[in-house]
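Peer 1: Protein chains in written order, with my numbering: chain A, 1 to 117; chain B, 118 to 230.
Just so you know, these hints were derived from the structure itself, not from any lab. Nothing here was measured: the structure is a model prediction, and the numbers come from that model. You may find that some hints are simply not true.
[Claimed, not checked] Chain B is faced by these chain A residues, among others (derived, beta-carbon under 7 Å): (1) 19; (2) 93; (3) 106; (4) 108.
Positions of the beta carbon are idealized from the N, C-alpha and C atoms, including for glycine.
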Amino acid sequence: GAVVSQHPSWVICKSGTSVKIECRSLDFQATTMFWYRQFPKQSLMLMATSNEGSKATYEQGVEKDKFLINHASLTLSTLTVTSAHPEDSSFYICSARDDRARNSPLHFGNGTRLTVT
Amino acid sequence: GESVGLHLPTLSVQEGDNSIINCAYSNSASDYFIWYKQESGKGPQFIIDIRSNMDKRQGQRVTVLLNKTVKHLSLQIAATQPGDSAVYFCAERGNTGGFKTIFGAGTRLFVKA
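Chain A with its partners taken away, still in its complex shape (with noise of 0.2 Å):
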């Protein structure tokens, strides 16, 4: 089955440095990826469409310039929250689209655990 494999599962950072997540589609080839962020006990919330040789498309009340998004290729998104504070800390998860299969259901990665000290 297609596998999104997300790296690191957890992380622990310093108020004010940066954390890069990456996500990557193992066995096929994902020109659309797309990030979320879920707080304890809530659902998943739409961060952003990130876009195989294009900008990332943010969702409303997303800062673009604190959650920096490249998608280097058809296989690799990553996700990088810049000066993070403690209000960044949550689970972030990405998921991709097949591009073999675009209207079949996405796959996840489980997920990175960010805490902001």
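Add chain B to chain A, keeping to what the hints say.
Peer 2: Using the frame of chain A, we list chain B on its own:
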């Protein structure tokens, strides 16, 4: 029974009983609906999907019902097992706007042995 907590509604069922999880979706233009299961500390896992030209779809032990008139989805799990304990999310997707998948509020299912 079903109750509403501070964030996620909770459904508690006895092992072997059937579970019904409900969801109201928001966008009448959505034409594709998915149910996901999320276990603690993991990403969502696909369970079953349904397109807007259908009102019912069955999988293994699971059935999804779609009522477009009232924008309502339900997930039925037959013979619920302890391994079914998780948070269940419905999600919707339209065919415009980048095909974004938007998640509903979620329901926590507890299965009592």
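Peer 1: Now tell me, hint by hint, if it's right for this structure.
Peer 2: For each hint, the structure was consulted:
1. 19: violated, 18 Å
2. 93: This hint holds: residue 93 of chain A lies near chain B, its Cβ roughly 5 Å from the closest one there, short of 7 Å.
3. 106: Nearest chain B Cβ about 5 Å off; hint holds.
4. 108: holds, 4 Å
Checked against the numbered hints above, the structure violates only hint 1.
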